[in-house]
Amino acid sequence: MRVSYDWLKTMIDIPEDPKTLSDEYIRTGTEVEAIDTVGESFDHVVTAKVLTKTPHPDSDHMYVCSVDVGDKNLDADGNPAPLQIVCGAQNFEAGDHIVTAMIGAVLPGDVKIKKSKLRGVVSMGMNCSARELGLGGDHSGIMILPEDTPCGMPFAEYVGSSDTVLDCEITPNRPDCLSMIGMARETGAIFDRDFHVELPAIKAETGRATDDELSVEIADEGLCDRYVARIVRNVKVGPSPDWMVKRLNALGVRPHNNIVDITNYVMMLTGQPLHAFDLDTFAERDGHRRVVVRAAQQDEKFTTLDGEERTLDAGMGLITDGERPVALAGVMGGMDSEIEDDTVDVMVESACFNAGRTSHTSRDLSLISDASIRFERQVDETGCVDVANVTCALIEEIAGGEVAPGYVDVFRAPKTIDSIKLRLARVHAICGADIEPDFIERSLTRLGCTVERDGEDFMVTPPSFRPDLPREIDLIEEVLRLWGMGRVTATIPAAKNHIGGLTREQKLTRKVGEILRACGLNETTTFGFAAPGDLEKIGMSTEGRGCPVVLMNPLVAEQTEMRRSLLPGLLQSVAYNEAHGTPNVHLYEVGSLFHGRENASLPKETKSVAGVLSGQWSEQSWSMKYRKLRFFFGKGIVEELLAQLRIEKVRFRPAEGEGYAFLQPGRAAEVLSGGTVLGWVGEIHPEAREAMGIDEVVVAFELDLDKLIKGARNQENYREFSQYPAVEHDLAIVVDNSVTCEDLERRITSAGGKLLEGVRLFDVYRDPVRVGVGKKSMAFALTYRSDDHTLTSEEVEKAHQKIVTKVCKGVNGEVRG
Amino acid sequence: MSLIDDLVKLEEEAKELVAGADDAAKLEAARVELLGRKGRITGLMRMMGKLAPEDRPVMGKRANEMRQLIEGMLDERTTEMKAAALKHALEHEAVDITLPGIRPQIGHQHLIKQIIEEAEDIFCGIGYTVESGPMVDTSYYNFTALNAPMDHPSRSARDTFYVVDNNPGSVAHPEAHAHGESDVLLRTQTSGVQIHTMESQKPPIYMICPGTVYRPDTADACHLPQFNQIEGLVVDEGITFGDLKGTLDYFVKCMFGEDRKTRYRPHFFPFTEPSCEVDVSCHVCGGKGCNFCKHSGWIEILGCGMVDPNVLINCGIDPEKYTGFAFGIGAERVAALRYDLPDLRTLMTGDMRFLNQF
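Chains as they are written, first to last, in our numbering: chain A, 336 to 1152; chain B, 18 to 375.
The set of hints was computed from the structure by calculation and includes no laboratory data.
Which residues of chain A face chain B? A partial, calculated answer using Cβ under 7 Å: (1) G691; (2) I808; (3) R816; (4) M820; (5) V823; (6) N832; (7) Q841; (8) R852; (9) L856; (10) T859; (11) N888; (12) S908; (13) L937.
Under the rule of at most 30 Å between Cα atoms (straight-line distance), these lysine-lysine pairs were calculated in the DSS-like manner: (14) A/K831 - B/K270; (15) B/K130 - A/K1045; (16) B/K130 - A/K970; (17) B/K43 - B/K32.
Chain B residues, not near chain A, derived (Cβ > 12 Å throughout): (18) G53; (19) L61; (20) P70; (21) L86; (22) G89; (23) M98; (24) E110; (25) E216; (26) G303; (27) N331; (28) R355.
Idealized CB from N, CA, C, for every residue including glycine.
In isolation and in its complexed conformation, chain A is listed as follows (with noise of 0.2 Å):
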């Protein structure tokens, strides 16, 4: 809603400054985004005379004049010199008084005037008509001003247009502010000071009344709870006063007629939307003319006066004249039935469509109006008989209309406001602020509440026009928010009998991100949306992972699901990082994963992480060497986040099969933690690399978060170490290549007795001259260590020999001498 300061200022007493009135309505809930100076615009812009008119040598349509704007332009003398401008125009002739605007004015809709050239004649300047200067319709020719009109005059002092607009942001709730007489009633409630508007009234009705000529049906309830017509006969159609003109502009309504212009002039003051139709255009039938308000049919087309064809939805809302539709209710009116230059009779509409209808429509056809805005924050169903009449007064003085008598008013349920207890104890309980009885009296009053006192108590009953107070807790808002909210003592609650924190499962899911942060990766987060297909696309199968959850409205073809894995935006990432110059990629994010069922409405959430390695883990350095970042790198980091979680019975074992076909096959693992599946670790296929344009190889895993949590063990008591010193042998067996590191490592500990304390691999190595063809030599080192004395060299020898002989008969190996 746009405030015009000087409207305002006809209506109530409010400070000099608009900077000070911004300050107070921000304070109260009435945002501010913009205190313009209309008539700024006006910048280089003066009256004029012209004194030359030729025809451009160049062109049949166009001029060149020499324009005299008084001392606006000076020769190198300091003498007044004409500006030489071309213009389209065709409406007027040598002497006649222009505006124009010379280099440097900016036009509304930020047209910027500048020295061009047209067809190869300077010009200096821009003749104007009245829609450039945004100030009404007329396109037809540029403005002709009086004979009288001096040169070089500011065209603002000129036309005295300068004014001072608050560009107010009105919430949803509040439809009486989408009114100057609301905002001054809002201003009055907030200085606590009278406001007065005067309205005009209906000097005679004459001819045939209304509701003789006139009848209105509402046909479907739902649409309408008010309809108030009256007619208006032998207007005048013409250009509106200037004082209602810079109004209009103000407020930012373009003006068209004087008739179209007195219906939005009263909608800015009233908040009540109306319309104006051309009678004729209204079917007549033994000298009888209808107005039918029904809800469109499915596919009905209707002309809006914007000129576009709308198909319209069933339920939407229709004016017609009980044969063909007039106008689309409380959004915007037809074309075939608009004020034109040669209307004579008119028929004004005053009512109340119903909020959510009306939003619905204004919404289904993108169509949004200074009415469809008021409606569907519902008006005031009271006032629309006032407001009709205040329009036909306008038009009898303005249009020169003669009124008929009375008026057709379809008004099917009053609605009935109740009174509301207000308890002064619940202000100050919900404020936290001991606000004066007197101000909660004399703030709602201001407000058009009728306040009574109840005790210490009030009883209330809002106005009308207030649909959004129904509740006491509603009064309190409006009594807080005139006192002031930052008058209110700041106070933190006690929080007693509570205890906060953050639950094991949250530390856990922290420590996750810290574990692997520590091991080196960046945190990422990808979208939660996924492409259709996008599993099947690297080879990941669905099986396990529900159906997908479907968007009815997705934005983009590529987000028209929810993801069920987590791989496909990392790999996304990966791809982005490769694209963009950056080979090393360390990522995971954890997640939430979405499992669509069949026969649910809801999906399964899921919580993962997720982690891909592509490159190495730095750019060579002078110190280190870095190697390329393979299997065993994210296969580590994964054994390190289970170790730190202590996460017990920890297996891999080799990710086969249609359900890993996205990984490659002898570089995946399955991760178990005893019968659990918690996932997966491995280097992603190169065909799924293929797909996802990924040049590199890379790394991934991704783990069922909620597993990891489930599975977390608490840290254990303290245990002794042991006092008496280790000793350490190494066994270095050949065995056949398919015995696997973990079947060896088992062996050894099973056959190690209490005395083995650690085993660790420290080379592998093959050589089919010194190991021998299929063969590969598994060098480990074994610890000894005894809790309760040192151990003997026999002792050691004899545990050692042991383990030899099981194993190498176990595994069909021998010792490597």
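Starting from the known structure of chain A, arrange chain B on it as the hints suggest.
Relative to chain A, chain B alone:
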């Protein structure tokens, strides 16, 4: 020559011998030569038998003194040589300390997570819990229970992602929907977690809920279709608007700095009454007004208000006994303000150059 003369001479020779030893082996040889079993001192001692008995104690004493003197010389020389050797070794090991250090590779936490954890820590510090709720939720929890009217514009498919309902009518609190909408949606706000929490817990409730929300806004520099909110809810006996102010003032000072001021502007939200928006004084101009704050001196950071009694009633909580406040802040907005992010899309690309900055 008397033994005494020998001793005097020995002292001179010992000095020369020790001084001449320039490595550990020569010094050891000198020690053997002087103090060894077949060494010079021992040799002199052996000659003692030839002395008159009355001279022996004097001679013995002198010989012992000489032994101590030589031991002292040897020790001193050893220390000197060690110091020299160490000095040499240290000189040899000196490096160009301006060479880059060998840094462990530590990953960085995502900027938004940093802000969320910071907020969690601030509120846990004043006794709050951290709650969560589903991201695919129902229109009841996302809108209706939060007092949003059935025809509220935010419910439209322009402002909310709706999800194909695989079993229409089966959710708790099914509702009638316009064309293109359904009971199931991607939550557009974390406020629904207020309802989930109040349904599962009894007051006193002091909680925040950080979480991802979704809205059909095309991704550009200032918008993402997926972003993060930090919701807060307090429901207890005797909670006032003053408590809301004190809590949010505390939060703002923790999050943005102690010198920042707050401003409470009345506003409108369906689920709070009274409602307001909170501005924080502009960090660029300190509140004087600049381009960054559009010359107002203030930057809007969050929305809040006293929990609307209808919301409490929807959750079976008596609004006469309990009152509360709620607030919501955008994590991306905090990030953009604190770090002057020009384009929110960088938060989602996984660009290592970006992640390494924070």
